[in-house]
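Next come the chains, spelled out residue by residue.
2 protein chains.
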Amino acid sequence: MPDYKFYYFEVRGVGEPARMAFHYGGIPFEDIRVPQQEWPDLKKKMPQGTVPCLFIDNGKIKLSQSSAIALYIGRKVGLAGRTELEMARVEEAIATYKDLYTKMADYCYTMTGFKDMDKDELYEKQAKPVSAQYFTLLSKMLKKHHNTFVASQKPTVADFFFAEYLSSVNGFAPELFKGHEGLLDYVKRVHSIPQLQDYLKKRPKTAW
Amino acid sequence: MPDYKFYYFEVRGVGEPARMAFHYGGIPFEDIRVPQQEWPDLKKKMPQGTVPCLFIDNGKIKLSQSSAIALYIGRKVGLAGRTELEMARVEEAIATYKDLYTKMADYCYTMTGFKDMDKDELYEKQAKPVSAQYFTLLSKMLKKHHNTFVASQKPTVADFFFAEYLSSVNGFAPELFKGHEGLLDYVKRVHSIPQLQDYLKKRPKTAW
Numbered sequence: 004m005p006d007y008k009f010y011y012f013e014v015r016g017v018g019e020p021a022r023m024a025f026h027y028g029g030i031p032f033e034d035i036r037v038p039q040q041e042w043p044d045l046k047k048k049m050p051q052g053t054v055p056c057l058f059i060d061n062g063k064i065k066l067s068q069s070s071a072i073a074l075y076i077g078r079k080v081g082l083a084g085r086t087e088l089e090m091a092r093v094e095e096a097i098a099t100y101k102d103l104y105t106k107m108a109d110y111c112y113t114m115t116g117f118k119d120m121d122k123d124e125l126y127e128k129q130a131k132p133v134s135a136q137y138f139t140l141l142s143k144m145l146k147k148h149h150n151t152f153v154a155s156q157k158p159t160v161a162d163f164f165f166a167e168y169l170s171s172v173n174g175f176a177p178e179l180f181k182g183h184e185g186l187l188d189y190v191k192r193v194h195s196i197p198q199l200q201d202y203l204k205k206r207p208k209t210a211w
Numbered sequence: 004m005p006d007y008k009f010y011y012f013e014v015r016g017v018g019e020p021a022r023m024a025f026h027y028g029g030i031p032f033e034d035i036r037v038p039q040q041e042w043p044d045l046k047k048k049m050p051q052g053t054v055p056c057l058f059i060d061n062g063k064i065k066l067s068q069s070s071a072i073a074l075y076i077g078r079k080v081g082l083a084g085r086t087e088l089e090m091a092r093v094e095e096a097i098a099t100y101k102d103l104y105t106k107m108a109d110y111c112y113t114m115t116g117f118k119d120m121d122k123d124e125l126y127e128k129q130a131k132p133v134s135a136q137y138f139t140l141l142s143k144m145l146k147k148h149h150n151t152f153v154a155s156q157k158p159t160v161a162d163f164f165f166a167e168y169l170s171s172v173n174g175f176a177p178e179l180f181k182g183h184e185g186l187l188d189y190v191k192r193v194h195s196i197p198q199l200q201d202y203l204k205k206r207p208k209t210a211w
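Note that the protein sequences, when read in sequence, are chains A and B. For what it's worth, the working numbering labels the leading residue of the first sequence as 4, then goes sequentially. For what it's worth, the working numbering labels the leading residue of the second sequence as 4, then goes sequentially.
Among the clues, some could well be false.
Cβ pair distances, simulated, as ranges [what the hints assert, rightly or not]:
1. B:T86 to A:Q198: 22 to 30 Å
2. A:T151 to B:L45: 25 to 33 Å
3. B:E87 to A:T53: 15 to 23 Å
4. B:K205 to A:D119: 50 to 58 Å
5. B:H194 to A:E13: 43 to 51 Å
6. A:T86 to B:K205: 31 to 39 Å
7. A:Q198 to B:T151: 37 to 45 Å
8. A:E33 to B:L88: 15 to 23 Å
9. A:Q198 to B:K131: 45 to 53 Å
10. A:E178 to B:L203: 47 to 55 Å
11. A:D119 to B:K157: 44 to 52 Å
12. A:L187 to B:E87: 28 to 36 Å
Treat the hints as calculated values from the structure; they're not laboratory data. Even for Gly, the Cβ is constructed at its ideal location relative to N, Cα and C.
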């Protein structure tokens, strides 16, 4: 098996789905959580100047972009869709996740201390309308799969992206889930996957 | 073969790569170019309220998100990567394209008349720094594949995303390509793919 070094910050964020896919499949990897003070030096080694980044075979291959990494590992462990249509649903879901993430980024970064903007204004102008739109859409996507997972009746890496994100948002703005309680059941469903239990117990607790 | 109806606006934009993949593979499809005045009604039929959207089997299946659609068709016609690593490189490239697209969106929308913002300010604050960063990155990605295509030495749908975008940007801000002339050769390379010639000749000419 090639050696895997996975670089990301000391948060869950957009890197956590790849970590979960590794653990789900029992694939050994080095989980390198980069402290902020080490980042300026390390940044130079990253092809896009970004993390997450996966180094394969002692860095001979470096793969950037959270979705590409999660799908790459997801494919090896049965978490990237089993049919052509399921694969498309996984990609559709991850793209939807990214839209949601981008549209609520200022609010979420402000609430978790990575940005310093007006949180009340962002709550009204960003968090409320964007969550209303996307939480409704997400519920519809789940319903299509009998309220199991977002892209299939089996879990995929797309669920890992959504579960970690919703979990974070619920930590600092639980009231956004009023009327969308099914999404919190969904998070629990993802976090009940047997293959993840060991990891979920031991992983560092972070707000994001 | 299932019937395919592809909905998008009367532009190339993020819908063009799927159209190109259909034509590349010789897969028949209905290419529905929605005039702006018909959009409010049609929007209600779209699962995410967005286009591009692909209706399969008389709308029994509706697939949203430009990347998911392009990859779905791309997989059927050999344009989505031939190995696990190539598939990852295609997804990495499309995710990179989306970052670039998002970061330069205000400028590009203003230049093509879809937004009315200060174009000079956007040129300085957005177009110049973002294009400098991403054009350099894109050249590096091409170099990795011997200056052929972005995710492999063979074309993939990721090239269709980049070629259409670069082509548009070159239309309204050719000076951004100074020092990045290789990218214009790359666009020509994509637009020289034999399987695309018939379509490229007859497709409507649009600025975006």
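Here is how each hint holds up against the structure:
1. B:T86 to A:Q198: 22 to 30 Å: With a Cβ separation near 26 Å, T86 of chain B and Q198 of chain A satisfy 22 to 30 Å, so the hint holds.
2. A:T151 to B:L45: 25 to 33 Å: Once the Cβ atoms are compared, 30 Å apart, the range 25 to 33 Å for L45 of chain B and T151 of chain A holds.
3. B:E87 to A:T53: 15 to 23 Å: Because 22 Å falls inside the window, the suggested range holds.
4. B:K205 to A:D119: 50 to 58 Å: For D119 of chain A against K205 of chain B, whose Cβ atoms are near 53 Å apart, the range 50 to 58 Å holds.
5. B:H194 to A:E13: 43 to 51 Å: With a Cβ separation near 45 Å, H194 of chain B and E13 of chain A satisfy 43 to 51 Å, so the hint holds.
6. A:T86 to B:K205: 31 to 39 Å: Distance hint for T86 of chain A, K205 of chain B holds at roughly 34 Å.
7. A:Q198 to B:T151: 37 to 45 Å: 40 Å, holds
8. A:E33 to B:L88: 15 to 23 Å: For L88 of chain B against E33 of chain A, whose Cβ atoms are near 19 Å apart, the range 15 to 23 Å holds.
9. A:Q198 to B:K131: 45 to 53 Å: Because 47 Å falls inside the window, the suggested range holds.
10. A:E178 to B:L203: 47 to 55 Å: 52 Å, holds
11. A:D119 to B:K157: 44 to 52 Å: Given a distance of about 47 Å, which is inside 44 to 52 Å, the answer is holds.
12. A:L187 to B:E87: 28 to 36 Å: 35 Å, holds
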